[in-house]
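J.: Sequence:
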Amino acid sequence: MYSLLEHFRGYNFLSLDLRGEIPEEEEKGLLHFFGRGRKLTFGEIEKILSYVERSDDVTGVTVTIRELKIGLARANSLRRRLLGLRRNGKRIFVYVESGGNIEYLIASAGDYICMPPWAMLNLVGLGAEVTFFKDLLEKLGISARLKGYGEYKSAAETFTRESMSQAHREMVFSIIGDLETQLEEALSEGRGLNPADMKALIDRGPFVPESALAEGLIDGTAYESEIDDRAGEVTGVKVKSIGAPHFHRILKIREWLKSVVGKIGGSGGTIAVVADSGFIALGDSGGRGALKTMGSDSVLAQLDRVSKDRGVKGLVFRIMTPGGSGTASDLIRKRLKEISGTIPVVVSMSDVSASGGYLISLGAGKIVADPMTLTGSIGIVYGKFEFGGLYHKLGVKKELIPFGRKSLMFSTSRGFSEEEEEKLDELMKFYYGEFLRTVSEGRGLNEAHAEKAAKGRVWTGAQARDLGLVDELGGFWDAVNIVRREAGLPEDKIPLLRFYPAVRGIKLASIFGDAGYSDFLRVLTENSPLPGCEGCLAVMPFHIRVK
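As numbered in this note's numbering, residues 2 to 548 make up the sequence shown, in order.
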């Protein structure tokens, strides 16, 4: 144990504000060096909590939670970190302004949970709503000529079917069922209830604060401005909070001094962190939000910087992606494999790391996933959208002039010929076989076991661990600790984390992303497969958003 805030005496609580999206990676800029003008990344928040856990000065944490735009895995990881602080004697006070399953999952780690009097706790459990666009596309004159290789590889079904196939339904029921059980167990742990009672409570939701208090889901009602007073009443001390961004700036200054002078507080060694998210594509990363891409060139440039840094003793590769380009995924996997031959490399999976994201993970020495992570989806999707009917409706006419038997195979004006269908099946069989072989070699599984775990099926992190697809269950900081141990870094000191942020320009194209608006225009005018792709797609069959 040590005093972290030697120059900031008087602070005894950390104030953590959680709202909206919690990004996995930062965008580096000169003004951002000390953390100003941007949101803290998920890894930075976990690092702050690790320092708080060891600090003699900070005795508790106040957490303010507003509507979050994160998945179950990130929420569960934060829950476990806060529970860890609580078990180590720190007091956790949580103010939930609004929210449901995600927000309450984090809040359940608190000693004391409060809500404003007019709030609502939308704790109702998990369910699935699957959307299909086949009829809409037909009305527009668009045909989805898509195929999936793998019994459960249902990504194409969104556009080619009007309802779920039996395999698709089986997979979704399995995922939601496992996540629901985990949710009930996690909430029970924090509130001291048994899972059966928690399930019964969830079935009675949503709750107004008065009902939530009566059911033991919260401990009181209060406004945000009163949370420090409540913490003071419970602990018997006057609360003086330091905000997480301010705390992070202190850490940045302290770590910078340690790296330059090497005299302040010793050193726990340096671990590199590369974090990225989005649809995997060849080229540079770009875009924002749903149009964000993880470009292979950008990621490889980050990994090259890591490999050339002699002070780095290990690497945590933090990833959140539903998949994407098989080629780009394999290029990143190969580079991770090369680096893992020189230093320990651990992949930390976020909310989703499936298909191409799982392929990338096979390059690491170890894979760590949260029990609620969605992963697997080992399969292939290939094909195109045919816009011939739409062109006709819009009065757009095209003349097709082939100079080879398959030169217009990916024309968006027509479907596939029988010969082209056969070629497509041949290509998909090859890429699926390569995917299986890479899984088998990377995980040390025989072909039969790899095939059982594959078939395009999505698994929760807990299910994937049982199948041998991941090594350990845990979050970002668990991955850091694995790297620290394998690198032989001292256990009594927190390692210095060196984040390698993605550098993105502000050109117009990057606003839309590599698989965004610009590619929508291209797919209307060029002979090409799916937008943003060059060959096979290794992509998850659906997107799950938990509220």
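Keep in mind that a hint or two might mislead.
[What the hints assert, rightly or not] In silico DSBU-like links for lysine-lysine, alpha-carbon gap of 35 Å or less:
{"no.": "1", "residue 1": "Lys494", "residue 2": "Lys91"}
{"no.": "2", "residue 1": "Lys91", "residue 2": "Lys70"}
{"no.": "3", "residue 1": "Lys338", "residue 2": "Lys430"}
[As the list claims (entries may be wrong)] Per label pair, the in silico range of CB-to-CB distance:
{"no.": "4", "residue 1": "Trp119", "residue 2": "Val238", "range": "36 to 42 Å"}
{"no.": "5", "residue 1": "Gly217", "residue 2": "Ser164", "range": "39 to 45 Å"}
{"no.": "6", "residue 1": "Gly178", "residue 2": "Gly290", "range": "43 to 49 Å"}
{"no.": "7", "residue 1": "Gly244", "residue 2": "Glu442", "range": "46 to 52 Å"}
For the record, the hints were derived by calculation from the structure and aren't laboratory data. None of these values were measured; they are calculated from a predicted model. Think of the CB as a built atom: it goes at the ideal place given N, C-alpha and C, for glycine as much as any other residue.
J.: If a hint holds in the structure, say so; if it doesn't, say that too.
T.: Here is what the structure says about each hint:
A threshold of 35 Å between alpha carbons decides the hint, and for Lys494 with Lys91 the separation of about 19 Å falls inside it, so the pair holds. A hinted pair counts as satisfied when its Cα atoms are at most 35 Å apart, and Lys91 with Lys70 qualifies at roughly 27 Å. Of the supplied pair hints, the one linking Lys338 and Lys430 holds, its CA atoms being roughly 25 Å apart against a limit of 35 Å. Taking 36 to 42 Å as the suggested C-beta distance range, the pair Trp119 and Val238 does not conform, at roughly 30 Å.
The beta-carbon spacing between Gly217 and Ser164, approximately 41 Å, falls within the hinted interval of 39 to 45 Å. Taking the beta carbon of each, Gly178 and Gly290 are about 30 Å apart, not inside 43 to 49 Å as hinted. Checked against the hint of 46 to 52 Å, the pair Gly244 and Glu442 passes, with Cβ atoms roughly 47 Å apart.
Hint compliance for this structure: hints 4 and 6 are broken, all remaining hints hold.
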